[in-house]
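Peer 1: What follows is the residue order along each chain.
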Amino acid sequence: MRYLLSRAGRVFAAFALLLALAIPAYAVEPGEMLADPALEARAREISSEIRCLVCQNQSIDESNATLAHDLRVLIRDRLTAGDTDEEVIDFLVARYGEFVLLRPRLQAGTLLLWGMPILLLVAGGIATYLGWRRRKRTATAEDRRLKPEEEAALARILRDEA
Amino acid sequence: MIAEIGHYALVLALGVALIQAVVPLAGTIRGDLRLAAVGRPAALVQGLLVALAFAALMTAYVRSDFSLLNVVQNSHSQQPLLYKITGVWGNHEGSMLLWVLILAIFGAAVAAFGRNLPERLAANVLSVQAMVSVAFLLFILLTSNPFTRVSPAPLEGNSLNPVLQDIGLAIHPVLLYLGYVGFSISFAFAAAALIEGKIDAAWARWVRPWTLAAWIFLTLGIAMGSYWAYYELGWGGWWFWDPVENASFLPWLAGTALLHSAVVMEKRNALKIWTILLAILTFSLSLLGTFLVRSGVLTSVHTFASDPTRGVFILVILAVFIGGGLALFAWRASLLQQGGIFAPISREGGLVFNNLFLTAACGTVLVGTLYPLALEALTGDKISVGPPFFNLTFGPLMVPLLVAVPFGPLLAWKRGDLYAAGQRLLLAFSLALVAVLLVLWLVEGAPVLAALGIGLAVWLMVGAFAEIVRNATGGGRAWAKVWPRLTGLPRSVWGTALAHFGVGATLLGIGSVTAFETESIHAMQPGDSVDIAGYTVTFDGASARQGPNYQALVADMTVTRNGRLVAEMAPEKRVYPARQTGTSESAIHFLGFTQLYVALGDQDAAGALTVRIYHKPLVLLIWLGAIIMAGGGMLSLSDRRLRVGAPRPSRAPVRVVPAE
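Note that the protein sequences, when read in sequence, are chains A and B.
Each residue of the first sequence is one higher than the last, beginning at 25 in our numbering.
Each residue of the second sequence is one higher than the last, beginning at 45 in our numbering.
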């Protein structure tokens, strides 16, 4: 059957099939993009930090979901209307909650999260220092005593001197 | 019948593993070497039985035996043979069986190749190894049996998820599991050392090859997964800080730290307690990775709660081994004697610095991955922790570490000379500076941060060989002696240099693709062309193609530069009727280490096809760097001292005298 179709017909059939099955399209579509490159760049920047709420761990910039498309358009509308980046983000958070931000804001609930690198580094540094100091103390105490072979060598040298 | 044999072999393997877990340990505790000797044959038999079970499942897949539920769900009679085979582990049950198979093979390998291990140590190691086997065999038999029959048997299967029908993803899980499970050997050795209450430099010599091998596999596995995501997911990203990716990255970070601390342990008999702890933590993170990916807890806490059997089972395994390991550590670690002392500026000091930053980075990624789960469970607040967070925290933690890397191998043990090391790195520093200035000068409006990143990469790549240069030319410039000196260097020195060079190469790839990638997204009609980074890409037209188990739409693209033909590219979109889903097959053209990347998107109402074209400078270095790192590891693994293995220690424990 396949072989009977003309080339154009086959292309059409394939296209129809692709459309019917809603193949994932990836991320930003040409039709969504803004003419002003500076504004578009800001929109991309914001989109990459906004979570696609119906996807698994994807930003709306990467996602093909309808919701992601709507949010991308929404962000561009707000930017065209003259909103600053912060205003756009505040608007999204007011609508969808903190969950929408891939970079959580610094607040009471996320203090531990943001503080973790410093906390780990400082705690690790202190632990390293304490361990090093203890090792040094015990080791020097041991080192001060002569080892048996050193005692023997010393005795031999003293005997030879005498 | 074959399926029943497989199932039965699995049950037998559980029995053998139980014996292997209990008898050798009882032997070492009671001082009965005949009991302790049971470990080796048991490990070999267990390996054979699990291999038999795995072979049975694979046979069912190859024959498309649709009387097995697992085969029905994940295979199809029209599927190419390769994907029938890889379909065995392209699903939950099969992948757990692969996990156990690798575990059993590693255990059998210790029994077969660890002939020079002291008997007590070998018995304890195999015993701990078998405990892990028991847990996972129980998990498979009780919750995830791949040999479940279905009656009546359907005529056709559901086929493997199309996204998984790719050679990259066929190999990826195998490499990853070889890495994860390889760390179980380090864990078993650590637990055995704690049970014995004794650990020495020889112990580190036995553990290092296993750790190194696991690390090599994990490095390759992560790189493979990343490259797969890059070309298969269709928008050319290579790392997403996805929890599933983090799950494999965490053991890698801890394993890298372990590899370095084990060096101190072997050479200087120091950092013993820390090395043991790291060995326990690395395997714990491997288990955590398995849990995160297999329990469904990541999708949402709620999916986890709706079908908790498997999740809770793995959680219990997790609690038993992590809790047990740490409890054993808390109880017995004080028995281990601390070793040699060293000044802060020394080879040991450098390796401690490495461990501090790698562990902090590992902790940060771990907390970032689990924080949303914990916060939701505790307060009900839902937050997301995504790529921007990890880039902001992980990145800065890596900078001091990477700056320090070339210094490390140049510092002497016990007490090093930072100034002298700095002098030897003058060439690397100058070249790095030149690279920074070149980037700023050549690339208009180049971000300063990107230029610094590329400078850091050059610093790493050149600095990696400073120790070899020192060894080759050290003590006067007798050029005639350079060659014999170079060939006389231990392979581990070359391995270190190569691995550190690989880190630099990866960083160079990351830096250049992050800063200088160009992207062009257009709705194209046949005949349209797009200019990108000096190339012209023309869309000649689309045609349909019939694959073995899919239909594809192929777009023909011609790439020219100044009117001269550079390449013909053919990105595809595929539809797999058996699953009613599709995939995107990007077309990639190599320009040295740089790539042109074309992926197809949707078709709009006017019939124009969305085409994404990327110019990705030096992107290949990201994965090539990882392969070079693994190559460094292999070179180090082939070092004579490791291959021959540690000599048997004499009966009386010898006080190790620090070498000068």
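Honestly, the hints are just simulated from the structure, not real lab data.
Don't take every hint at face value.
Unchecked claim - Which residues of chain B face chain A? A few of them, derived with a C-beta cut under 10 Å, are:
#1 L315
#2 V356
#3 F357
#4 L400
#5 C406
#6 A567
Claimed, not checked - Listed next, the stretches of chain A that the computed footprint assigns to chain B, with coverage defined by at least 3 CB atoms under 8 Å from CB atoms of chain B:
#7 52-65
#8 106-119
Here a beta-carbon is modelled for each residue, glycine too, at the ideal position from N, C-alpha and C.
Peer 1: Each of the hints needs a verdict: does it hold here or not?
Peer 2: Cross-check of the supplied hints:
1. L315: Result: holds, 9 Å to nearest chain A Cβ.
2. V356: At about 22 Å, which exceeds the 10 Å cut-off, the nearest Cβ of chain A leaves the hint on V356/B violated.
3. F357: 23 Å, violated
4. L400: With a closest approach of 5 Å, the L400/B hint holds.
5. C406: 9 Å, holds
6. A567: 4 Å, holds
7. 52-65: The restraint on the stretch 52-65 of chain A holds, since 5 of its residues have a Cβ under 8 Å from chain B and three suffice.
8. 106-119: violated (count 0)
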